[in-house]
Amino acid sequence: MAGSHISQIEAVIRRTDRLISQGMKTSATFTRCRLAIFLTGLLGTVTLYKLDWYHSGNLALGAFLTIFVTVAAYHTRVETGIHRLRQWKQIKLAHLARMALDWAAIAPKPGEGPKSHPYAADLDLFGMHSLTHLLDTTVSDRGRERLQSWLLVQPPSPSHWHARQSLVKELAPRSLFRDRLALEAKLTGDQEINGRRLAAVLEHPIGLPRLDTILAVQSVLALATIGLASASMLGLLPGYWMFSFAVYALIYFMTDQGEELLEHAVGLHHETERLATVLGYIERHVGRRDSALACVWTNLIGEASPTLHLNRAARTLHAISIKAHPLVHLAVNALCPWDLWFTRQLIHTQRDIKHALPLWLDCLAEIEAASALATFAYLHPDYTWPTPFIATGEQNGTPPALNADRLGHPLLPAKTRMANDVHLKGLGSIHLITGSNMSGKSTFLRTIGINLCLAQAGAPVCADSFEWTWSRMACCIRVDDSLDAGLSFFYAEVKRLKAILDATQERTLPPVLFLIDEIFKGTNNRERLIGSRAYITALSQGQGFGLVSTHDLELADLETAVPGLTNAHFQETVSAGTLEFDYRLRPGPCPTTNALRIMELEGLPISQAPNIRQNNPHG
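The numbering of the sequence shown is this note's numbering, which starts it at 717 and goes up by one.
Read the hints as simulated data drawn from the structure, not as lab findings.
Don't take each hint at face value.
The calculated DSS-like cross-link candidates involving lysine-lysine, where the alpha carbons are at most 27 angstroms apart (straight line), are [said to hold, decoys possible]:
hint, residue 1, residue 2
1, K1141, K902
2, K808, K885
3, K1214, K1141
4, K1070, K1141
5, K808, K825
6, K902, K805
7, K741, K808
8, K825, K741
9, K1211, K1237
Across the chosen pairs, the derived CB separations fall in these ranges [claimed, not checked]:
hint, residue 1, residue 2, range
10, E1243, S1007, 58 to 68 angstroms
11, A744, R1194, 53 to 63 angstroms
12, R1004, F754, 51 to 61 angstroms
13, P954, T747, 56 to 66 angstroms
C-beta atoms are modelled at their ideal positions from N, C-alpha and C, and glycine is treated no differently.
The task is simple: from the sequences and hints, build the whole structure.
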């Protein structure tokens, strides 16, 4: 199925290339026509004037100008169409890059992940070659933040999750709607829409008392000045206009014209116009009333049309933006109370949409985030939609569980990733994963974590089937020491493990799915073994279930002491003097080790004492 989508996208790109090529030829023809019209008009008009045929020359000049302007207008339309096609092609190329995991061709979005989060860094949710790098097709800052919150704040309430997944499922086949939404945003600017700045201006109170009175006085003085100046120019009156203008100027410089707010509003009309364009597109394509998209739109927007209000606000903000040109701004305000008039208009705009704007931005963010996950679903038709268990925790006698068949890592190429099954059932259920270096333990833990993250965000997962109980996820996979905080690697690891254990003691919340890689790897063998036994035993008694990986094969004996613990392993084979890994999860403890073999293959000296035997599980 993925191959058919690739073929469809490639066909669209080829068709777009043909249209761009035709447009370029048409544009070149218009360019030659404009040059020919200009030269012909210039030569013909000058010739007629030289022959003293001034009337004919004026007619010719008017005719050639009309023809030139008409051709230029059509030329502009052709260039606009070419630009639109190029943006459309870039959107489709980005889809192909997402399917092929061609990271260099996927434009990264701004923003960093949270510093202290239970799993964001462990699962590669942020940064280059990350999950958000792959998923994020949003066009506004609110949309980007909403998508990130769906990945970071888990689990959601069941009602929110079902509404979210319904919207994602509905948008998944509507590729034209999703791509056109991105196109409309791109055509209005390359940067993401910044709704926060617009909201700040609309929420800023304007402290200009007696505005209507001052505006009325300034309007009368401006009209009086214009009338007196006109009479003075006609010689009907002396220069009385200077007195009315002096009073007008004095009031202007003594009155606060809302300068602070107007400074913040300069240039903001572009953002407002872009927001109006994107919301207007959604409004026109909401569809039938019983759809999930229409439900989101109606619940957050209501019957009001944000497009009309935002276009009116854009005109007001555009007029205010004249402050960006100081000389023009001063000249206009010398003729009329421009700033006062549009400050009054801005107050009316604030009153009309100040309370509605957050809802509009929230609606756009919801649709953007759902569209990003829908694009992910569309580009990966072989992925499956996860199914949550109805009961949470031990309610109604149903234990928490996670059952997945052929689970794979979505950030690994389809040709190289290996799929494995995972089945966890009941509180205290723990898979103890042993295995050789580089055998796939860490990747397997991340595979489970990132797919659970996708499932609880409302997206499909890289698996043949996926059923799970709502869970709080907590990981200790990637641990970094912190020089700023004065933490050693081991102490940072201990703090992470303590946070996971504390989370499992909270019995009123959903269970914790913990993923712990190389437990206590920051200390010596003897203390690591003692601490690991005690810690895993404590984990098995809490409100959680999950996986723990280790190099300590002695911990496999916990299977007899901890009722919910099950051993599983990854292993390698040696072929032609090299190590080979199949990355398949097998039951039982790992029968081999490979550290000495890796050192030997890389040319490092090894001292093999009589009691050390490579490939001995207890060596």
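Verification of the supplied hints:
1. With a C-alpha separation of about 47 angstroms, the suggested pairing of K1141 with K902 is violated against the 27 angstroms cut-off.
2. A C-alpha spacing of about 20 angstroms is found between K808 and K885, which places the hinted pair at or below 27 angstroms, so the restraint holds.
3. The hinted pair formed by K1214 and K1141 meets the criterion: a straight-line CA distance of about 23 angstroms does not exceed 27 angstroms.
4. For the given pair, K1070 sits about 50 angstroms from K1141 by alpha-carbon distance, which is inconsistent with the 27 angstroms threshold.
5. Distance hint between K808 and K825 is fulfilled; the C-alpha atoms sit about 17 angstroms from each other, no more than 27 angstroms.
6. Note on K902 and K805: the hinted pairing holds, with a Cα-Cα distance of about 12 angstroms set against a maximum of 27 angstroms.
7. Straight-line distance between C-alpha atoms of K741 and K808 comes to about 23 angstroms, which keeps the hinted pair within the 27 angstroms bound.
8. Taken as a hint, the K825 and K741 pair is broken in the structure, with Cα atoms around 35 angstroms apart against an allowance of 27 angstroms.
9. Of the pairs offered as hints, the one joining K1211 and K1237 holds, with about 13 angstroms between alpha carbons and a cut-off of 27 angstroms not exceeded.
10. Take E1243 and S1007: their Cβ atoms lie about 59 angstroms apart, and the range 58 to 68 angstroms holds.
11. About 55 angstroms separates the C-beta atoms of A744 and R1194, a value consistent with the hinted range of 53 to 63 angstroms.
12. For R1004 and F754, the Cβ-Cβ distance of about 53 angstroms falls inside the hinted range of 51 to 61 angstroms, so the restraint holds.
13. Between P954 and T747 the beta carbon distance is about 57 angstroms. The supplied range of 56 to 66 angstroms therefore holds.
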